[in-house]
Every structure is written in C-alpha cells, then in structure tokens.
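**Student:** Here are the chains, one letter per residue:
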Amino acid sequence: MINQYSGIAPKGDLQLIHNLCKKLKGKSFLHVNSTREGGGVAEILNRMIPLLQDLGIDARWEVIEGDARFFDFTKKTHNALQGNQEKFTKKMWDYYYEVNKRNKNNIDLKADAVLIHDPQPAPLIDFRPRSGKSIWMWRCHIDISNPMPGCWANLKKYVIKYDTAIFSVAKFAKSLPIDEYIVTPSIDPLSDKNRELTDYEINEVAERFKIPRDKPIILQVSRFDRFKDPIGVINAYKIVKNYNDCRLILVGSSATDDPEGEAMLNEVKDYAAGDPDIIILLLPPDYHMEINAIQRMSDIILQKSIKEGFGLTVSEAMWKEKPVIGGAVGGIPLQIVHGLTGFVVYSVEGAAYRIRQYLNDPEMAIKMGRTGKEYVRNNFLLTRQIRDYLSLWYINSNRGKHVIEL
Amino acid sequence: MAKSLKSFEFKQCVSIVKSTGKQAKNLRELRKLIAVVGDESIFHHTHQYFLKGHMLDYTNDFSQWAGENLEERALAERLTSIDPYTLKSVKAVRKELIREIDAFLKAFPEPRDITEGHEFYFNETVSLVFPVGVKTKNLAEFLVALEHIDTGCIYYHFYDSRVRLGEGVVDDFSRWIEHTLFKKNLADKIRAIDPFMHSIESIRNHIKEVVEEYVRADMEGVMS
Chain A
1 MINQYSGIAP KGDLQLIHNL CKKLKGKSFL HVNSTREGGG VAEILNRMIP
51 LLQDLGIDAR WEVIEGDARF FDFTKKTHNA LQGNQEKFTK KMWDYYYEVN
101 KRNKNNIDLK ADAVLIHDPQ PAPLIDFRPR SGKSIWMWRC HIDISNPMPG
151 CWANLKKYVI KYDTAIFSVA KFAKSLPIDE YIVTPSIDPL SDKNRELTDY
201 EINEVAERFK IPRDKPIILQ VSRFDRFKDP IGVINAYKIV KNYNDCRLIL
251 VGSSATDDPE GEAMLNEVKD YAAGDPDIII LLLPPDYHME INAIQRMSDI
301 ILQKSIKEGF GLTVSEAMWK EKPVIGGAVG GIPLQIVHGL TGFVVYSVEG
351 AAYRIRQYLN DPEMAIKMGR TGKEYVRNNF LLTRQIRDYL SLWYINSNRG
401 KHVIEL
Chain B
1001 MAKSLKSFEF KQCVSIVKST GKQAKNLREL RKLIAVVGDE SIFHHTHQYF
1051 LKGHMLDYTN DFSQWAGENL EERALAERLT SIDPYTLKSV KAVRKELIRE
1101 IDAFLKAFPE PRDITEGHEF YFNETVSLVF PVGVKTKNLA EFLVALEHID
1151 TGCIYYHFYD SRVRLGEGVV DDFSRWIEHT LFKKNLADKI RAIDPFMHSI
1201 ESIRNHIKEV VEEYVRADME GVMS
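Going down the list, the sequences are from chains A and B. For the first sequence, our numbering gives the first residue as 1, with consecutive numbering after it. For the second sequence, our numbering gives the first residue as 1001, with consecutive numbering after it.
Do not rely on the hints blindly, as some may be mistaken.
Below, a list of computed lysine-lysine pairs in the DSBU-like style, where the Cα atoms sit at most 35 angstroms apart [what the hints assert, rightly or not]:
#1 Lys-241(A) with Lys-215(A)
#2 Lys-23(A) with Lys-1006(B)
#3 Lys-22(A) with Lys-1135(B)
#4 Lys-23(A) with Lys-1137(B)
#5 Lys-110(A) with Lys-23(A)
#6 Lys-1208(B) with Lys-367(A)
#7 Lys-1032(B) with Lys-1022(B)
#8 Lys-23(A) with Lys-133(A)
#9 Lys-23(A) with Lys-1011(B)
#10 Lys-101(A) with Lys-75(A)
#11 Lys-1183(B) with Lys-1208(B)
#12 Lys-1022(B) with Lys-157(A)
#13 Lys-1088(B) with Lys-1189(B)
#14 Lys-1006(B) with Lys-401(A)
#15 Lys-76(A) with Lys-87(A)
#16 Lys-11(A) with Lys-1088(B)
#17 Lys-11(A) with Lys-1011(B)
#18 Lys-75(A) with Lys-1025(B)
#19 Lys-1052(B) with Lys-307(A)
#20 Lys-1022(B) with Lys-11(A)
#21 Lys-11(A) with Lys-1183(B)
If you want the ones that stay clear, here's a sample from chain A, every Cβ over 12 angstroms from chain B, calculated [said to hold, decoys possible]:
#22 Lys-27
#23 Ser-28
#24 Lys-91
#25 Asp-126
#26 Asp-225
#27 Met-297
#28 Met-364
Keep in mind the hints are simulated off the structure, nothing from the lab. All residues carry an ideal CB built from backbone N, CA and C; glycine is no exception.
Let the hints inform the model, and build the full structure from the sequences given.
**Tutor:** As structure tokens, this is what we get:
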C-alpha cells in the first residue's frame, strides 16, 4: 500500500517508514480518538491504520464512546483551550473522567505504543496497564497557545502523566515536565480532495456548478466564518477588479453544527449581490472531488484568515501548483514562505496587491506554484506524518539520544 | 584480480523537532536564553537551518526572527553572517551570537516586545540516520544517484558531516572521492563549493557540474 506513494512522496520518507516498520514489526500501535468519521484526525487514521498494518505493525484504532453530556463538555473544553471563556464545574470534570473510566472496560489498552488524540480521551492515561514497557503519547491537534487557564490546568493533570506530548506548531507547545515534539498536520495526495483529476472531471464540475472559465478565477475555500474573512476577500477582489478583469469564487461547506455559519453566509451573499462575477457555493461536506476540481480550475487561491489553526487548505492549493495568498496567522506562515511559495498578507489592500501581482506576472505565479508544490511534497504529505509518528515511537524507545542510527 | 573499491553508501538524516518549552518575546530574553539553552538547540537553529531549504535571506533562525519579526534588519544582517560551518563548534557559534546581540543591545538598550504569537520558540531535534539503499562504486553511478537522492541525503553528507567528523571542513563526498577513488583534484573542487552560500538543491547542481566536467574530460582524454 505504501508503494502507492512512490514517486509522489519523498523517497527518504518512504524509506524511513520501511526501515522503522522493520524494527517495529509485529509490535502493537494503538490509536484512540473520539470519532470514527468527520474531521482531520479520523481522515488521517482511516488512511494510516491500514498502511501500518500492511507494513507489519499491529495497528489498531479505537474510538471512545460518550453521551451528549460528555460531548457537550468536551466541546466546551475545545473552545476554552482555544481561548474562549467557558464555565466549568467540578462535577463536569468528574463526569469527563467517569466516561473515560467506563471506556477503559471496552478498549484493550495493552499495546507497545499508544497514541491518544486530543483532550476527549486524555484521562485514559490513568488506566495505563502496569505491565510491560508501553509508550504513551498524547497528540494535541488544536491550537492551545492561549487557553483559558483553569481549563488547561485541569487537562494538564493528565497530560503530564504521558511519556510524550505532540503539538502541531511550536507555539502551541507548553512548558511541561515531559518531552514535547512538533508534528505538523498533513494532506493525503491520494485522497479525492487532492488526487490528480482528468480534464474531463474538471470540466464536468465546471459545467455542473455553472462556472464560466472565460476569465481568471480567484478562489477561497473555507467555512463561512468571520475568522476566514470572506468579506475581506470580496473587498480585495473589488480593488483588483478596477485593474484586472477576474472572477471570484467563495466555496464553503454546510456545517450543521455552526449556527453562526448561516448568518455569515447570508451576510456574504448580500455583500456580493449584484456582481455576476462573484460565485458563492455551499457544498455538502463530502464533496471532496468537486472542491479539488474547483481548486484546479482556479488561477489564484486565497486563505485570507484573520485567525486560523493550521490552515491546511493552503497546502491543498499549493499541492495543485496554485499561487497562494494567505493571512499571517496560525500555521499559514509555516506553509507559505513569503515571496517564494506564495505571499503572506496582513490586510485587504495587501491581498489585492498580491492578486494583481500574480495576474500581471503569470510566469512568477507559475514559478511560485511549482516551488509551493515541492515545499508541500517535502513537508506536508501524509507519509511525513506517518514517518514522524513511527519516529517518535522509536525515539521513545531510545530515550536520551540526539542522533539515532538505524 | 583487481581489489574491489569501497563503495559509497548514501545515508539520510531526518530530524524530528522537539520543543524546549522556552520562548523569547524580545531581544533581551532571546540573548538570555541563547546563553543557557542546550547545544542541541543552538545546533538546530543554526547548523540545521540549511536542512529547511535555505530559502530566505537568512542563514539561521535567529537572524530570520530578528529580520522578519523584530524588524531589526541591521541585527539580522550581522547574525546572518555567522557561518556555523566555519566556526569550529556550537560553543563558538553561541559566543558569536551573544557577541552580536550584546553589541546591538549596547547601541539600542530598550528592545521592544514582539506581538503575541510571534515569539521565538527554542526547539531542538532528534535525528534519525538511515541508509537509503543506494551504493555507488564509481563516478558514473555516483552521478546517477546524486540526481535522485533526497535533499536530506545531501544535507547529511555535505553539511552534517562537517560537524559529525569533527574536522569542520570536510564533506563525505569529497572524502570518498579522494580516499577511495584517488581523485584529489576532483575532491578539491567539491571542497571549494561554499556550503554557506547555497541551498541544498544548488549544492546538488554544483557537485553534479564538477563531477560531470571531470568525467567528460576523462572520457575525452587521449590514451597513451
């Protein structure tokens, strides 16, 4: 299975995955999270677990179960860890622990390496089997650079019991008494969202969604959320329109759990009203191939966020060799090396200026697009993330060394 | 029967980033932490900068932060010119960094704080070194391999070797070419490529050029 990535992912990453799997052959690797479907974590695990099994690792993926009360609480912790102020009671934290305790009866926690994803199953560390030399790692996928202190303090009690904590970006890491590693998120180049498409597939999507291709297309793909600044994107497009004819497409998926999304969508529609060159599309969340096609038919792709987690849509666009423009927030500057793999901007005017630059210098746009794809190939593909998880497992078995020869 | 030559085995280095949990929000804090963090952290932010692609106007993470985040271009320029591969040790690099920052702080004693989220985060790495399954016995094979190996491989043999071998001046490629293939002239040409002035891709191209030129000249030579 891993051979599917030959010629796509860096050879060294595939080689290291092979070498590590040889060393770890027959050993067990348990992943635990809180959902089987939806979200980036499930997407990666769906792909990664069969790959590891195919390479001789006894990989398992378990999902903790909880009721509405549990998930309401974990949603609140999610928001509070990202900086929102929420109200918590001791009873809530006790229930959180209780649900995890119940889950330990249904999940076999015996494994050589255990990777617990996000805060929901974090208390499982208290039920770590005493026997054996298992390695327990806690993987935080969210931005906890500025958490609500009380919430973090409660979660930290569990985190520090792990052998290792893993964060997506260095600035999300905390000062902890355990080892902390940085593993950036990734995209799967073979998924429907990112795989190569035929011209036929792209044209079919253009026809289905009535997207004319008579002028350059500027695109932003993201939820209709204030932090993604769709109004700012329209304003940037309006400035550009004074100089260059172009079309703007805003694509978002319908998030049923986001009541603010609909209000924002209506605001965006009102703001764009009367301009036939602005196309707003609301697509179902599983329209991955369609989004892929729209990205591929676009000329410039924006992610003009004013607050962002990692912003993997940037890597998705770069993988398609598109010139990108992104807000200087979250993980976007890690993906866009300003002036080389794209442009990082701080304002509507800045975004407009960079769009004009791309439109007026297509050769530069092509060059940046190509450089961007190579940058993603070397840094943000799924195989690199699998490589990193296996490396961390191996590093934990060789603690204290800064250079490990395989 | 001719004695078989020792082949060159290509290896690669992959570095997994480890956070130290330490961060600086202004130049004074940066200076204070540069003085106390482990050698591995200084090594990562200076020597290993080249592994990241060397794509910016800087040569280490400290100069990049000074230029891009603190917007202190003059300081960034001075920090950029610290060449970790010419200096003999991490200790010497640390000393140079501190000397430059101290000189700057003497002239501008009240550095401003950076905006939240743009602090300097001190990291270090754990490196995994592994053979990539490519061995070459002669220059023709070496050229083909050089074309296809990852940049992490070139980093390991061209940059990391200078620290690993403890001599501070030699890369693995030229050592093999001199000591196994006995081609000192070619080895010297590879050694003349300045690691500080190029990206890894450009190092790849330069080595290819000099080896190709050597092989061509060798083939065009008249047999006596």
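**Student:** Take the hints in turn and mark each one as holding or not.
**Tutor:** Each hint tested on the structure:
1. Under the criterion of a C-alpha separation no larger than 35 angstroms, the hint pairing Lys-241(A) with Lys-215(A) is consistent with the structure, at around 12 angstroms.
2. For the proposed pair Lys-23(A) and Lys-1006(B), the alpha carbon gap of about 27 angstroms is at most 35 angstroms, so the pair holds.
3. A distance of roughly 20 angstroms separates the Cα atoms of Lys-22(A) and Lys-1135(B); the hinted pair therefore holds under the 35 angstroms criterion.
4. For a cut-off of 35 angstroms, the pair hint linking Lys-23(A) to Lys-1137(B) stands: about 28 angstroms separates their Cα positions.
5. Proximity of Lys-110(A) to Lys-23(A) is assessed by CA-CA distance (about 19 angstroms); at most 35 angstroms being required, the pair is judged to hold.
6. Of the supplied pair hints, the one linking Lys-1208(B) and Lys-367(A) holds, its CA atoms being roughly 23 angstroms apart against a limit of 35 angstroms.
7. Only pairs whose Cα atoms come within 35 angstroms are accepted, and Lys-1032(B) paired with Lys-1022(B) is accepted, the gap being roughly 11 angstroms.
8. Restraint check for Lys-23(A) and Lys-133(A): satisfied, since their Cα atoms lie roughly 16 angstroms apart, inside the 35 angstroms limit.
9. Restraint check: the Cα-Cα separation between Lys-23(A) and Lys-1011(B) comes to about 17 angstroms, which is no more than 35 angstroms; the hinted pair holds.
10. For the suggested pair Lys-101(A) and Lys-75(A), the alpha carbons sit about 19 angstroms apart, so the restraint of at most 35 angstroms is met.
11. Proximity of Lys-1183(B) to Lys-1208(B) is assessed by CA-CA distance (about 15 angstroms); at most 35 angstroms being required, the pair is judged to hold.
12. Taken as a hint, the Lys-1022(B) and Lys-157(A) pair is honoured in the structure, with Cα atoms around 20 angstroms apart against an allowance of 35 angstroms.
13. In summary, the hint linking Lys-1088(B) to Lys-1189(B) is supported, as the alpha carbons are separated by about 22 angstroms, within the 35 angstroms threshold.
14. For the suggested pair Lys-1006(B) and Lys-401(A), the alpha carbons sit about 29 angstroms apart, so the restraint of at most 35 angstroms is met.
15. Among the hinted pairs, Lys-76(A) with Lys-87(A) is consistent with the structure: their alpha-carbon atoms are about 8 angstroms apart, no more than 35 angstroms.
16. Proximity of Lys-11(A) to Lys-1088(B) is assessed by CA-CA distance (about 33 angstroms); at most 35 angstroms being required, the pair is judged to hold.
17. The straight-line distance between the Cα atoms of Lys-11(A) and Lys-1011(B) is roughly 12 angstroms, inside the 35 angstroms bound, and the hint therefore holds.
18. For the hint pairing Lys-75(A) with Lys-1025(B), the CA-to-CA distance comes to about 31 angstroms; that is within 35 angstroms, so the pair holds.
19. Between Lys-1052(B) and Lys-307(A) the alpha-carbon distance is near 26 angstroms, which keeps this suggested pair within the 35 angstroms criterion.
20. The hinted pair formed by Lys-1022(B) and Lys-11(A) meets the criterion: a straight-line CA distance of about 34 angstroms does not exceed 35 angstroms.
21. Restraint check: the Cα-Cα separation between Lys-11(A) and Lys-1183(B) comes to about 30 angstroms, which is no more than 35 angstroms; the hinted pair holds.
22. With a least CB separation of 17 angstroms from chain B, Lys-27(A) remains clear of the 12 angstroms interface cut-off, as annotated.
23. Against the 12 angstroms criterion, Ser-28(A) stays outside the reach of chain B, whose nearest CB is about 21 angstroms from its own CB.
24. No beta-carbon of chain B comes within 12 angstroms of the beta-carbon of Lys-91(A); the shortest separation is about 32 angstroms.
25. Distance to chain B confirms Asp-126(A) as a non-interface residue, since its nearest Cβ pair spans about 24 angstroms, more than 12 angstroms.
26. Distance check for Asp-225(A) against chain B: the nearest CB is about 19 angstroms away, which clears 12 angstroms, and the non-interface claim stands.
27. Met-297(A), annotated as away from the interface, keeps every beta carbon of chain B farther than 12 angstroms; the closest lies near 29 angstroms.
28. The Cβ of Met-364(A) lies farther than 12 angstroms from every Cβ of chain B, with a closest approach of about 15 angstroms, so its non-interface assignment holds.
Every hint, counting from the list given before, is met by this structure.
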